[in-house]
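S.K.: One line per chain: the protein sequences are S and A, in this order. So for the first sequence, the working numbering puts the first residue at 1; every next one is plus one. So for the second sequence, the working numbering puts the first residue at 318; every next one is plus one.
It is worth saying that the hints were derived from the structure and are not from the lab. Don't be surprised by glycine CBs; every beta carbon is placed ideally from N, CA and C. Any given hint might turn out to be false.
[As the list claims (entries may be wrong)] If you anchor each label on the Cβ, the simulated ranges turn out as follows:
#1 A:Ala378 with S:Ala302: 33 to 39 Å
#2 S:His87 with A:Ala522: 36 to 42 Å
#3 A:Arg442 with S:Cys95: 40 to 46 Å
#4 A:Ala469 with S:Cys95: 43 to 49 Å
#5 A:Gly576 with S:Asp106: 22 to 28 Å
#6 S:Glu109 with A:Gly576: 29 to 35 Å
#7 S:Gly301 with A:His556: 38 to 44 Å
#8 A:Glu511 with S:His87: 40 to 46 Å
#9 S:His87 with A:Thr591: 18 to 24 Å
#10 A:Thr418 with S:Pro305: 43 to 49 Å
#11 A:Gly422 with S:Asp106: 55 to 61 Å
#12 S:His275 with A:Thr515: 48 to 54 Å
#13 A:Ala350 with S:Leu59: 32 to 38 Å
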Amino acid sequence: MVSSTAPDLSVRIGSLTLKNPVMPASGTIAEGMTQVIDMGRLGAIVLKTITPDLRQGTLPPRVAEYRDATLFSIGIPSKGPDYLLEHTLPAYAACDAPLIASVSADTAEDFGKLAAYISDPRIAAIEANISCPNLKADGRAFGMDPEATREVIERMVAATRTPVWAKLTPNVGDITVFARVAEEAGAEALIVGNAILGMAVNAETMRPRLGNVMGGLTGPAVKPILLRMVHQCAKAVRIPVIGCGGITCGEDAVEYMLAGATAVQVGTANFIHPHTMTEAVDWIAEYCTRHGLSAAREITGALRPLHAPATAPTETV
Amino acid sequence: MPDTALSPAPEARAGFPIEEALCEIVSNDAVNAEYRLMIARAPEAALRARAGQFFHLLCPATEAGQPFLRRPMSIYRIDRARGEIGFLYKVTGKGTRGLATLRPGETLNALGPLGRGFTLPQGTRHVMILGRGVGLATMAPLARLAAESGAAVTAVLSARSPELVMSRAELAAAGARVIEVVDTDGSSAPEEMEPHLTALHDERAFDYIATCGSNRLFRLARGLARSWGITGEIALEQHMGCGLGMCYACVIPVALPGGGEEYRRVCWDGPVFTLEEAMGW
Chain S
1 MVSSTAPDLS
11 VRIGSLTLKN
21 PVMPASGTIA
31 EGMTQVIDMG
41 RLGAIVLKTI
51 TPDLRQGTLP
61 PRVAEYRDAT
71 LFSIGIPSKG
81 PDYLLEHTLP
91 AYAACDAPLI
101 ASVSADTAED
111 FGKLAAYISD
121 PRIAAIEANI
131 SCPNLKADGR
141 AFGMDPEATR
151 EVIERMVAAT
161 RTPVWAKLTP
171 NVGDITVFAR
181 VAEEAGAEAL
191 IVGNAILGMA
201 VNAETMRPRL
211 GNVMGGLTGP
221 AVKPILLRMV
231 HQCAKAVRIP
241 VIGCGGITCG
251 EDAVEYMLAG
261 ATAVQVGTAN
271 FIHPHTMTEA
281 VDWIAEYCTR
291 HGLSAAREIT
301 GALRPLHAPA
311 TAPTETV
Chain A
318 MPDTALSPAP
328 EARAGFPIEE
338 ALCEIVSNDA
348 VNAEYRLMIA
358 RAPEAALRAR
368 AGQFFHLLCP
378 ATEAGQPFLR
388 RPMSIYRIDR
398 ARGEIGFLYK
408 VTGKGTRGLA
418 TLRPGETLNA
428 LGPLGRGFTL
438 PQGTRHVMIL
448 GRGVGLATMA
458 PLARLAAESG
468 AAVTAVLSAR
478 SPELVMSRAE
488 LAAAGARVIE
498 VVDTDGSSAP
508 EEMEPHLTAL
518 HDERAFDYIA
528 TCGSNRLFRL
538 ARGLARSWGI
548 TGEIALEQHM
558 GCGLGMCYAC
568 VIPVALPGGG
578 EEYRRVCWDG
588 PVFTLEEAMG
598 W
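With the hints as constraints, model all of the structure from the sequences given.
M.R.: Right under this line is the structure:
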């Protein structure tokens with residue numbers, strides 16, 4: 001039941017206003033989801049990463065299961081930008097939510113060209129996937145080098161009037177360096193972040209469990225790590241940070257927002273409980289009401305100190 | 318006309334064609350030394366399942382913990398009159414061990430129906446079902462619904478030994494002529510089966526072959542279909558992530574008509590593929 005006191009769930013991500021802060025993480029939804037939930041209830045719909053060329057992705061097996069986590073090595077299978085424009089966008093045309101494209105390429109120049117090519121009124125923003133751990137040997141990504149990060153984002157911003165978001169990788173020493181670089185280069189928002197580079201071995205067969213040997217760890221087990229990084233990045237930049245990592249429910253989403261996220265992306269949970277995102281939207285509304293908040297954006301950065309300053313006991317010998 | 322597994326995929330309806338259904342367990346018992354049969358009450362969306370489709374099951378926790386991902390399970394029985402679906406499974410890992418703990422009255426979380434099922438060509442008159450082990454479970458609904466559409470069904474059941482032949486009664490009850498071949502007397506060897514199946518074809522021509530569960534039987538089926546000039550399909554398996562075509566974890570290579578190959582998603586583009594696309598394993 002909607003009453004006159006229903007909280008305002010809308011959030012601003014750069015030049016965009018989303019009706020609520022919940023969206024899928026790139027690569028974790030496809031057209032199949034429209035047959036299970038009302039995708040129009042989401043704040044935005046982030047599409048799977050495309051590359052300029054056609055790609056088959058990595059060798060199977062592509063998934064290894066852990067307790068509360070999965071290690072995926074998919075490698076961005078892509079049907080290219082024309083397929084996106086001609087088939088993928090129309091598949092979501094009936095959904096009342098902005099569409100966010102996601103792009104990757106082998107060179108900074110190609111990131112820019114691809115952003116220009118897919119600039120289309122149906123796409124509300126373009127996410128730069130500079131962080132997929134499954135493309136280059138040893139899981140290297142553009143997002144692990146500050147200068148490469150700067151160049152990719154600058155090229156994209158110069159190539160399109162569509163807002164550019166940067167999806168950062170957690171596989172770096174100090175993620176705030178990359179957050180600042182992406183902000184300076186013109187990104188309107190940051191996604192923090194992609195999967196954690198990992199590896200799985202089968203002791204009995206003495207072989208790797210993934211065709212690509214290494215993969216990206218996702219799922220609730222990674223939440224504390226990404227939550228920490230979101231907190232650090234939100235303090236380091238002025239642009240909105242979108243939290244992403246192991247969110248399975250509205251409560252997880254609110255934790256990310258308290259830590260500084262303006263919005264959240266839900267990833268692996270979509271594979272197990274397809275109603276996770278829509279239920280999270282409802283939970284956030286209920287949370288706002290319960291805490292007397294008139295708007296969800298009041299949650300962002302509202303983390304309170306656990307202790308008053310200078311109350312820790314003085315160290316004694 | 319009754320809604321059968323042979324009817325085309327239902328259009329997206331007012332609701333959603335795929336549901337996360339909470340199904341009450343009716344029974345979940347061992348059928349032989351290796352396999353168990355689980356029957357669950359299912360809502361309307363689940364009962365629209367077609368032969369060859371599957372459900373993605375949330376498996377209960379065991380001492381080994383909660384299986385994190387769902388487990389795909391092909392449909393063994395769709396009983397629309399009783400409002401029940403059935404799964405035939407072998408306890409092999411953490412997921413199926415969890416399923417085996419479900420008792421009558423408890424709840425199974427089943428996402429589905431999912432995937433592309435079997436498609437009988439128009440006017441099919443004689444179907445050959447060729448399967449081994451639990452692969453036969455996948456084809457049991459096909460036998461029932463082929464029979465309902467007026468096609469004769471000959472089901473060739475392969476197993477290691479006679480006591481492990483699966484789905485004999487289910488297929489016979491569906492009106493199929495059942496032929497068993499086993500490893501213990503050598504009758505399941507492809508070189509033994511080929512003249513046997515050719516004699517059956519000469520007696521009454523097959524116009525479609527469905528197979529599941531064995532690479533040897535797949536190669537035999539594809540060879541026979543080619544030499545008889547008929548079509549056929551195979552239901553394939555692969556470890557899955559989402560079951561909804563979203564994560565691209567469950568890909569397998571398929572042969573393209575013009576040569577070459579590409580990956581397809583078993584969960585969304587399959588699990589049923591044509592014998593000409595499938596590449597064996």
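S.K.: Could you tell me whether the CB distance from A:Gly422 to S:Asp106 stays inside 55 to 61 Å?
M.R.: holds (56 Å)
S.K.: Okay, S:His275 versus A:Thr515 on CB: inside 48 to 54 Å?
M.R.: Since the Cβ atoms of S:His275 and A:Thr515 sit about 52 Å apart, the hinted range of 48 to 54 Å holds.
S.K.: Return holds or violated for the Cβ distance of S:His87 and A:Thr591 against the range 18 to 24 Å.
M.R.: holds (22 Å)
S.K.: Go ahead and decide if the range 40 to 46 Å is satisfied by the Cβ distance of A:Arg442 to S:Cys95.
M.R.: Given range 40 to 46 Å: holds, Cβ gap about 44 Å.
S.K.: In this structure, is the beta-carbon distance linking A:Ala350 and S:Leu59 contained in 32 to 38 Å?
M.R.: About 36 Å separates the Cβ atoms of A:Ala350 and S:Leu59, which means 32 to 38 Å holds.
S.K.: The hint says 43 to 49 Å between A:Ala469 and S:Cys95; measuring C-beta to C-beta, is that right?
M.R.: holds (46 Å)
S.K.: If you check the beta carbons of S:Gly301 and A:His556, does the distance land in 38 to 44 Å?
M.R.: holds (41 Å)
S.K.: Holds or violated: the 29 to 35 Å window for the beta-carbon distance between S:Glu109 and A:Gly576?
M.R.: Between S:Glu109 and A:Gly576, where Cβ atoms are some 33 Å apart, the hint holds.
S.K.: Take a look at whether the Cβ-Cβ distance between A:Ala378 and S:Ala302 falls inside 33 to 39 Å.
M.R.: holds (35 Å)
S.K.: So the hint says 40 to 46 Å: do the beta-carbon atoms of A:Glu511 and S:His87 match that?
M.R.: Holds, at about 43 Å.
S.K.: Would you say the C-beta atoms of A:Thr418 and S:Pro305 sit inside 43 to 49 Å of each other?
M.R.: With Cβ atoms ~46 Å apart, the hint holds.
S.K.: Evaluate the given range 36 to 42 Å for the C-beta pair formed by S:His87 and A:Ala522.
M.R.: Since S:His87 and A:Ala522 have Cβ atoms about 40 Å apart, the given range 36 to 42 Å holds.
Of the numbered hints stated above, none is contradicted by the structure.
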